[in-house]
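Trainee: So the protein lines, in turn, are chains A and B.
Residue numbers for the first sequence, in the numbering used here: 11 to 528.
Residue numbers for the second sequence, in the numbering used here: 668 to 973.
To be clear, the hints were calculated from the coordinates, so they are not data collected in a lab.
Each hint should be verified, as a subset may be incorrect.
Pulled from the structure, derived: some chain B residues nowhere near chain A, Cβ distances all over 10 angstroms [stated by the list, open to error]:
| # | residue |
| --- | --- |
| 1 | 698 |
| 2 | 715 |
| 3 | 896 |
| 4 | 911 |
Here are some, though not all, of the chain A residues that point toward chain B, as calculated from beta-carbon distances under 8 angstroms [what the hints assert, rightly or not]:
| # | residue |
| --- | --- |
| 5 | 50 |
| 6 | 51 |
| 7 | 54 |
| 8 | 134 |
| 9 | 137 |
| 10 | 194 |
| 11 | 207 |
| 12 | 208 |
| 13 | 210 |
| 14 | 246 |
| 15 | 252 |
| 16 | 400 |
| 17 | 408 |
| 18 | 428 |
| 19 | 447 |
| 20 | 449 |
All C-beta atoms in this analysis are idealised placements derived from N, C-alpha and C, irrespective of residue type, glycine included.
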Amino acid sequence: MKNFVLPRGWRTLCLGSILAVSLAAPGVALAAGDVVFAVGQAFETLDPYNTNSTGTQSAGRAYYEGLYGFNQDLVLVPLLAESHEVSSDGLVYTFKLRQGVKFHDGTDFNADAVKVNFDRASNRDNRLARYNQFNRIAKTEVVDPTTVKVTLTEPFSPFINAIGHPSAMMISPAALQKFGKDIGFNPVGTGPFQFVEWKQTDYLKVKKFDGYWRKGYPKVDTLTFRPVPDANTRTAMVQTGEAHFGFPVPFERAQQLKDEGKVDVIDAPSISVRYVSMNVLQKPFDDVRVRHAINYAVNKEAFGKVVYAGHAQLMDGVVPKGVDFAHVSGPWPYNPAKARELLKEAGYPNGFETSLWSAYNDSTSAKSVQFLQQQLAQVGIKASLEILEPGQRVQRVSQAPDPKQAGVRMLYATWSASTGEADWALRPLLASEAWPPQLNNTAYYKNDVVDANIAKALRVTKREEKAEIYKIVQEQIWKDAPWVFLNTANNVYLRNKKLSGVYVMPDNGLSYADIEMK
Amino acid sequence: MPSYLLKRLLGMLPTLMIVVLVVFLFVHMMPGDPARLAAGPDANLETVELVRKQLGLDRPLPEQFLTYVLNLAQGNMGVSLRTKLPVTTEISTRFMPTMLLTLTSMAWSVVLGMLVGIMSAVFRNRWPDRAGMTAAVSGISFPNFALGMLLMQIFSVNLGWLPTVGADSWRHYILPSITLGTAVAAVMARFTRSSFIDVIHEDYVRTARAKGASEPSVVGHHALRNALIPVVTMMGLQFGFLLGGSIVVETVFNWPGLGRLLVDAVNMRDYPVIQGLVLLFSLEFILINLIVDVLYGLINPTIRYK
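Build out the structure end to end from the sequences listed, making use of the hints.
Mentor: In structure tokens form, the structure reads like this:
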């Protein structure tokens, strides 16, 4: 046995590590023109039609484009389409396409390509995860190479929003043919960058596409997306210069990073609402006075300060600012005295016991429900907390088979209307057709005025008329208060001082069409 | 010896088969529906059912089990529900980073831990012992995610000496292996110390001194060898745990290892990946146990294998 040489081995090792530390040059060399994004979510597949990850869709904007797209302020802009016309019955959409656009593999972008993509997305047999976004497409016809006509099964006024969504991308028909199901590993689009490499555990790399139709763009050579799940690590990477962009950033660290001044700390509004749904089929939440009382009992201003370190806006309507057709009805004032009074009127002078679940198990959500529990206790409501992990949430909330037996009472959740339009901020959450297990109406709210008008708005194409309908819907919901209306949290992100033209959009997606590195 | 090894290796098979069955049942009994999770919040019931079909989860459970076992017999662990990549690919791309990090962490921590343990035992209740054990207790008590974040803040952000994340060069290994190895070193130190103290009062140690053996030879040869059995057992266990991938360290340093894969798989109820990982971890533990048993014989020749 040679165990006695251990001390020497140890000495070598120790020396080795001292040497290692002193040899390591400060900073990390970066390729010129390479911009590194440290993002929170890992990519699951690169097929935009088969994923729900905002991260995947954000990266998709590098190599894919849709007919329409959203700019950094969530305003619809034409991309591969130049314009469109809607028939008076709202059933037929005719698109005029941009000319002279080529896919990365050299295939021409034209009406045929649009048809191939819409046919794929609307075909049930392809079993794509975003099928319900395209299931109203009855048929797509090629009129001439630059004109395409889409017929819907029923009028659907937010159709342009649905195809402006980052899942409705145009994939090269040749590539679809060639790769088949493996298109998720080999994206070929018309975007400013073309796909280079995707190492699942490490990064996704794209490079400048020389044949891009927007002349002079893009202005950087390569982009690297690195998924980094830990928020502190992400922050450290931007501080050391290993990444040029980091999102999301822990709210409580934003101020400190701002004071240090080494990187730009940007605080931008979002459309992701934070709310607590109350199961209105169950006592005591079937009483509107109780629901009002709870809304009065929560100090939302303090909620934003405590949980989001002030990086939040009060919710001043059912649909948040930034989503099309949002209507301002609030904010709901904080008034614990009034809350107690209402509870007394409703027959709960000493409050009651209930359960409050958080739909997510991250630390911010945990903090949120703890804060709410404490606020509710002030008016005598004892809420037991439970923080659900994703599988539990699905089992106990989303898949609850019988509405009357559903165990959910108060549920803390968030929602971001991915089409940027009121329909997707209301229908999946508050229409009676959306009760679980169908969609996410976890309040089990049902109001005939709301249901009828949400359905009606889908058939109306005139803007003013639609705005009027959505106003009625939102006023009604605000009055019925099936939710505790909390706030919308801001998107806080870090940007290297040399980097410009990169934004986090209100829907948490990334926008970087004008990306530039000084 | 070879026949002993063969017997032990064959004995693994029934164990692994039981693991396969238990893991399959356990995984499918977990609350949560992978189709709903994969389809996401925007999907309605119809879309969820489409995704369920796409993932092959609409078939009856016994049928799914049979397919799984038949495929497994051919070395096919199925396809990840989340990424659609083969489970063997998912696991193999992450195995080496975890293995290398485990090896580097174990190497320094075992050497340092044993050294501190021996010093503490030899100088029992004097200052080297106190210092060593204080360090060891601190090493066990300090949570490793905090240590990782602290090290990163100092050496990457403030001093700029070392990179924060990735596993590309040897410099990437320094911080994670320190973070991961600290607790192991501390455990090893405590174990070596107590085992050594037991041995050092034995008659044969006194005999060795009486016959005039030098003190280093007494400590390094007569005592250490006998004290090593429990230490090696502990080492095997620690090695097995680290090979499972440390979730905390892998998250903090963005290490492309097995721990994070397991967390992602459990969160999304990615059944094939969870099954594959648990199977791998069981196999690793069985093999490590076997290696530890063989080491016993090398350390103490009086142990015989039949």
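Trainee: Now, for every hint given, state plainly whether the structure supports it.
Mentor: A quick look at each hint next to the structure:
With a closest Cβ-Cβ approach of about 4 angstroms to chain A, residue 698 of chain B is found to fall inside the 10 angstroms limit, against its non-interface label. Not every CB of chain A lies more than 10 angstroms from the CB of residue 715 of chain B, the least distance being 8 angstroms, so the non-interface label is violated. With 10 angstroms as the threshold on Cβ separation, the claim that residue 896 of chain B sits away from chain A holds: the shortest Cβ distance comes to roughly 13 angstroms. The Cβ of residue 911 of chain B lies farther than 10 angstroms from every Cβ of chain A, with a closest approach of about 17 angstroms, so its non-interface assignment holds.
The beta carbon of residue 50 of chain A is not positioned within 8 angstroms of any beta carbon in chain B (closest approach about 11 angstroms), and the interface hint is therefore violated. For residue 51 of chain A, the suggested interface contact is broken, since its CB lies about 10 angstroms from the closest CB of chain B, more than 8 angstroms. Nearest Cβ of chain B to the Cβ of residue 54 of chain A: about 5 angstroms, under the 8 angstroms cut. The hint holds. Interface hint at residue 134 of chain A: satisfied, since its Cβ lies 7 angstroms from the closest Cβ of chain B, which is below the 8 angstroms cut-off.
Below 8 angstroms, beta-carbon pairs count as interface contacts, and residue 137 of chain A has one with chain B at about 4 angstroms; its hint therefore holds. Taking 8 angstroms as the C-beta contact cut-off toward chain B, the hint placing residue 194 of chain A at the interface holds, the least distance being around 7 angstroms. Restraint check, residue 207 of chain A versus chain B: the minimum CB separation of about 14 angstroms is more than 8 angstroms; hint violated. A hinted interface residue such as residue 208 of chain A counts as satisfied when its beta carbon comes closer than 8 angstroms to some beta carbon of chain B; here the least separation is about 11 angstroms, so the hint is violated.
The interface hint given for residue 210 of chain A is met, as the beta carbon of that residue sits about 7 angstroms from the closest beta carbon of chain B, less than 8 angstroms. Among the interface hints, the one on residue 246 of chain A holds; its C-beta lies about 5 angstroms from the nearest C-beta in chain B, closer than the 8 angstroms criterion. For residue 252 of chain A, the interface hint holds, the least distance from its beta-carbon to any beta-carbon of chain B being 6 angstroms, beneath 8 angstroms. The interface hint given for residue 400 of chain A is met, as the beta carbon of that residue sits about 5 angstroms from the closest beta carbon of chain B, less than 8 angstroms.
Restraint check, residue 408 of chain A versus chain B: the minimum CB separation of about 6 angstroms is within 8 angstroms; hint holds. The beta carbon of residue 428 of chain A is positioned within 8 angstroms of a beta carbon in chain B (closest approach about 6 angstroms), and the interface hint is therefore held. Below 8 angstroms, beta-carbon pairs count as interface contacts, and residue 447 of chain A has one with chain B at about 6 angstroms; its hint therefore holds. Interface hint status for residue 449 of chain A: upheld, as the beta-carbon distance to the closest one in chain B is roughly 6 angstroms, under 8 angstroms.
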